[in-house]
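Use the sequences and the hints to build the structure in full.
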Amino acid sequence: MKKIKIVITGQSNVGKSSMMNYLCNSYVSSVSKKPQTTRVNIYKSIVCDNVDLSIYDTPGVSVFDRSLLSVLMQKSFLHPLDKVDVLMIMLDGNNKMSEMDKSIIESAEMMKKKIIIVLNKNDLLVENDLIKIINELKKFYSHPIFSISIKTENGIAKLIDYIKALAKDPNDKTDIKKDSDIDKIFVQEIIRGSINDSTYDEVPYDCAVLTDRVVIKKNLIKIYSTIYVEKTNQKKIMIGESGTHIKHIGTNARCRLEDIFSKKIYLDLTVKIKKNWKNNYKFLKTLGYIS
6 MKKIKIVITG QSNVGKSSMM NYLCNSYVSS VSKKPQTTRV NIYKSIVCDN
56 VDLSIYDTPG VSVFDRSLLS VLMQKSFLHP LDKVDVLMIM LDGNNKMSEM
106 DKSIIESAEM MKKKIIIVLN KNDLLVENDL IKIINELKKF YSHPIFSISI
156 KTENGIAKLI DYIKALAKDP NDKTDIKKDS DIDKIFVQEI IRGSINDSTY
206 DEVPYDCAVL TDRVVIKKNL IKIYSTIYVE KTNQKKIMIG ESGTHIKHIG
256 TNARCRLEDI FSKKIYLDLT VKIKKNWKNN YKFLKTLGYI S
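Counting with the working numbering, you get residues 6 to 296 for the letters of the sequence shown.
You may find that some hints are simply not true.
[Stated by the list, open to error] With a straight-line Cα cutoff of 20 Å, these simulated EDC-like cross-link-like pairs (lysine to aspartate or glutamate) come out:
| id | residue 1 | residue 2 |
| --- | --- | --- |
| 1 | K101 | E132 |
| 2 | K156 | D97 |
| 3 | K143 | E132 |
| 4 | K119 | D106 |
| 5 | K10 | D57 |
| 6 | K8 | D90 |
| 7 | K241 | D211 |
| 8 | K240 | E263 |
| 9 | K118 | D87 |
| 10 | K223 | E263 |
| 11 | K222 | E263 |
| 12 | K223 | D273 |
| 13 | K7 | D54 |
| 14 | K144 | D128 |
[Said to hold, decoys possible] Computed spacing ranges between beta-carbons, pair by pair:
| id | residue 1 | residue 2 | range |
| --- | --- | --- | --- |
| 15 | S247 | F145 | 28 to 34 Å |
| 16 | E104 | K156 | 36 to 42 Å |
| 17 | E114 | T237 | 27 to 33 Å |
| 18 | T256 | K287 | 31 to 37 Å |
| 19 | V131 | A162 | 51 to 57 Å |
| 20 | E246 | P175 | 28 to 34 Å |
Simulated from the structure, these hints should not be mistaken for laboratory data.
Each residue gets a CB set at the ideal place from its N, CA and C atoms; glycine is no exception.
Written out as structure tokens, the structure is:
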């Protein structure tokens with residue numbers, strides 16, 4: 006079977022996680038209108054028309070603050086570069102290419118990686134404006150450019166066909182972690198995605214999820230996780246009156262996990278306060294944000 010490894014990069018809210026979920030035909034990466042939804046590199050392997058696609062979704066490179074967490078997120082796209090064959094950089098047609106976007110392309114060029122430029126949200130642009138944007142990009146880059154809309158699925162089939170055509174026969178037998186394994190960081194991100202969907206203001210940005218323990222049985226997976234926040238009032242918001250909010254978050258996350266793993270999930274969530282955790286090197290390493 007031919008294989009290809011891809012990393013998806015770009016600014017926050019350009020559609021990276023939506024692209025990941027579309028390719029995987031499943032909710033594997035958190036999607037939200039809130040910036041910086043994805044914090045760590047999410048990996049998924051799928052088989053499409055007898056081609057093994059290994060895909061990495063990376064955090065958006067936009068940075069809100071100067072915390073250690075934000076610095077780590079900004080540089081995270083570099084980690085999988087040496088493992089992949091193709092870098093897919095996604096752009097929002099309504100916004101100009103940033104200096105960070107240019108830097109990402111330059112880094113991939115230096116490493117002699119195949120680069121695909123994907124212009125998303127073409128459904129929000131009139132045709133003349135779209136042509137102007139593509140022509141402007143062609144002045145600076147010889148890399149293939151695809152105009153798509155994940156929302157309407159316009160142009161995606163052509164992009165996927167191009168990616169599959171780049172796949173090659175593997176020259177080694179080494180594999181990345183099998184999907185049957187339970188990746189604690191992956192579970193954390195699914196739970197955090199549920200938090201993002203149901204909390205507002207600073208709460209989703211000030212919370213972290215740590216999966217303490219996973220117990221795998223024949224027909225059941227037991228997951229014990231802790232949600233960390235920075236303030237007492239955030240803990241109260243997270244739990245909700247009589248525990249209604251934490252129950253909602255848990256139910257949402259459990260349903261997503263059951264859909265992904267095709268097994269019954271028991272999910273135990275606890276909420277704790279940990280001040281200034283975003284600048285705590287040891288804690289960030291425990292969370293998996295530092296390798």
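Kindly indicate which numbered hints from before are broken by the structure, ordering the numbers from low to high. Hints 8, 14, 15, 16, 17, 19, 20 contradicted; others consistent.
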